[in-house]
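Chains as they are written, first to last, in my numbering: chain A, -17 to 479; chain B, 71 to 403.
Rather than coming from a laboratory, the hints here were simulated on the basis of the structure. No experiment lies behind these values; they were computed from the predicted model shown. No residue lacks a Cβ here, since even glycine has one placed at the ideal position from N, Cα and C. The reader is advised that the hints may include incorrect statements.
As the list claims (entries may be wrong) - Facing chain B, according to a computed beta carbon distance under 8 angstroms, are these residues of chain A, among others: (1) Tyr36; (2) Val206; (3) Pro307; (4) Arg308; (5) Ile311; (6) Glu320; (7) Glu325; (8) Pro329; (9) Glu335; (10) Gln342; (11) Trp347; (12) Tyr348.
Here is what each chain is made of, one letter per residue.
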Amino acid sequence: MTPILELSGIGKRFLSVTALDNVDFDLRAGEIHALMGENGAGKSTLIKTMTGVYPPDAGTIRMEGAAILPRSPDEAVRHGISTVYQEVNLVPNLSVMENLLLGRMPKGPFGIKWGAARERADRAIARLDLKVDVRAPLSSLSIAMQQMVAIVRALDVSAKVLILDEPTSSLDASEVDSLFAVIRRLRDEGLAIVFVTHFLDQVYAISDRITVLRNGLKVGTWTVAELPRLELVSQMIGRDASSLDRSALTVLSSAQGQPIIGAENLRRRNSVANLTFDIRPGEVLGLAGLLGSGRTETVRLLFGIDGPDSGTLSLDGRRISRLRPREAIRHGIGYLSEDRKREGLFPELSIRENMLVLHQVKHGWYRRVSKAQQKAMAKELAERLRVQPPDVERPIQYLSGGNQQKVLLARWLAVEPRLLLLDEPTRGIDVGAKFEIMSLVESLRQAGRSFVFVSSELPEVVRSSTKVVVMRDRKAVGTLEGDAISEERIVREIAAP
Amino acid sequence: MSRLPTWAWAAMVLIGLLLFNLFLTPGFFHVEVRDGHLYGSLIDVLNRAVPVGLLSLGMTLVIATGGVDLSVGAIMAIAGTVAAELIARPTGTPFEGGKSAPGLAAPMALLTALGCGLFNGLLIATLNFQPIVATLLLMVAGRGVAQLLANGQIVTFSEPAFASLARGATFGLPNPVWMLLGAFVVFSLLTRATALGLFVEATGSNPVAARYVGIDARAVKIIAYALSGLCAGLAGLVIAADIQAADANNAGLYLELDAILAVSVGGTALAGGRFSLVGSMVGALLMQTLTTTILTRGVSPETTLVLKAAVVVVVCLLQAPSFREIFRRRVRA
């Protein structure tokens, strides 16, 4: 069968970083092709070369045999390549019809021909058998339905190739089912579909073929039958599951004492389920799993940003219905978010203020820590974590990502939390800083402090955790302790059907 | 790069304006002592800058939290009316009858203004109203409330003790100037000698991050709007004492806009975050110096507003690093 879309030898560099290197990819009409890979593997970049967001530096793209080079998403759409992104990229305040036809409203001498527009929208909706009033504002629809509207919009331009970039990440199980029904129907009509997701179950539920990328290289393409789950996960993380051993593992004695936090069957709708574990003084609880497996959601429950719908949470042995961040902080729990910009930084404020704002909060607003004392503390912390530049009066927005991260870590160290929740603390920072942060965690652990540690890098999780909860598809699927912690076991748990 | 304060540009324009007057407006810098009071254009500028100056102190905190308070002009009218009626007890109003209570006038007016500010703060912090909408409510309805209180009249009174709030002088300087100075000192201590200033800045800079470090953003916002209301009450008292009357329709009309301008000219970003009380004072003085300059030079009053707008645009452009960069390149080329 000849491919409808064929990419060969695609290369793309950003400054000095190679995002894609000599990647081939082919897509057939009437198939659902899953594109898999860990964070940073190059999935998004590959998709963006097809959709004209980043024209490739090298290689060719052929659509039905003819070479094309889309230079903008618009151009890609004209070639028949449409995309639906993870977040619904539509206008919530406009009606479904307006969203469907935005930028391509049928026009007459007196402006938009609303009657014709309405008809066209109705027809497009009917094609997928959706039950939607096209006059309703988009925001009145469920997220799943909005996602479908986005698909309908993508199809309205006689698309031959439909790219779905993590379309299910904000949907619940039944919504996923109805979305899949629509996707299958489109495949049977002969559309070629690229499906990007982090959910393994969904890959096996719907895909025909799977292509795996890793570090900007193509690892291979298989039919679903050829690639069992365990094999898929090994290919994605680049480790042969059978060859993984635990020789590098330092076995840590399991900790004693009353749990700081205990979770039993904790669940939050559309977020995470099945969480049962406790964290004792001196423990590092690793949360392992692929991106989107519910790791961040778990940490947010523990810090009280979100509340659980069911299950029990206990704090120092006392049952509580839910936490709030302020209470969590009062009880000595800290949270270092993976989203520095949105959830951590005060960009205009200085390094000193960013470091010590929390210390000041604990002190109370009316008892200001003197500037001299603040300076001394900030300097000491900056030296301990080797923050560059060492001038603590500079606004934090001018620091590199790694140094910003160190400042945010210092913010928590300044208040000496009993339990610190670290969500991807080492992402996007250089090796030296990574090592410094991880050895700091270990020395604090030995001093009796506890951590929850989320990382996409399995060796880091294995090396520093005393206990690992494995997560898959937003559920905790297994717990490993002591000797049992190894990359191999974790990979097996992630891949287990 | 040197670290100039954000209000440096406004200060430079202010100094430029003063220099202009020094050379081209005869008598602008002439100050004389009459009956132990200082008189002169400069003193006049200070005195007239007081209402906007007071408003801009509260407005600075509100804007730093990422909000805005449009209701301060209306709160001035309410506070002035409450004070006037407690003194005059006019017929046909809720304050009719009873004994004239000049001693109660100021405290009650301030309490009412504080209540108005709390109302704004509660709408915004607990019911999540958009600040512009919440304060617009009181901006529009507040004048109605003041008119209802005054039964549609302009309430006049004659009470020398109360009038001296605005007309008297202490150590040569008019009393309102002392009030502004006092309020400025109190605000500076309140925000910088405690951590309130830092919490306000953190809340405005990144509300999500502020929540995750345990800052009670609700309390911070309520405090900011309450203080803004209180400042408006004080400004309302000054105006009412000055004209010895409360005019529900016109007292403080559009002054909220002058206050917002003063704050923004003073270098506090309307998006929230870093704020500077000194900057807002410089801004308020700049606006008033400009008005007085235009008036003393006999320019028609209609032109005043246009000139004001032009100066604001110039200061805002000077504050923008990207604009200074263009300017620098032009100069070099």
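For each hint, the structure was consulted:
no., hint, verdict
1, Tyr36, "violated (27 angstroms)"
2, Val206, "violated (40 angstroms)"
3, Pro307, "holds (5 angstroms)"
4, Arg308, "holds (4 angstroms)"
5, Ile311, "holds (4 angstroms)"
6, Glu320, "violated (12 angstroms)"
7, Glu325, "holds (5 angstroms)"
8, Pro329, "holds (6 angstroms)"
9, Glu335, "holds (6 angstroms)"
10, Gln342, "holds (5 angstroms)"
11, Trp347, "holds (5 angstroms)"
12, Tyr348, "holds (5 angstroms)"
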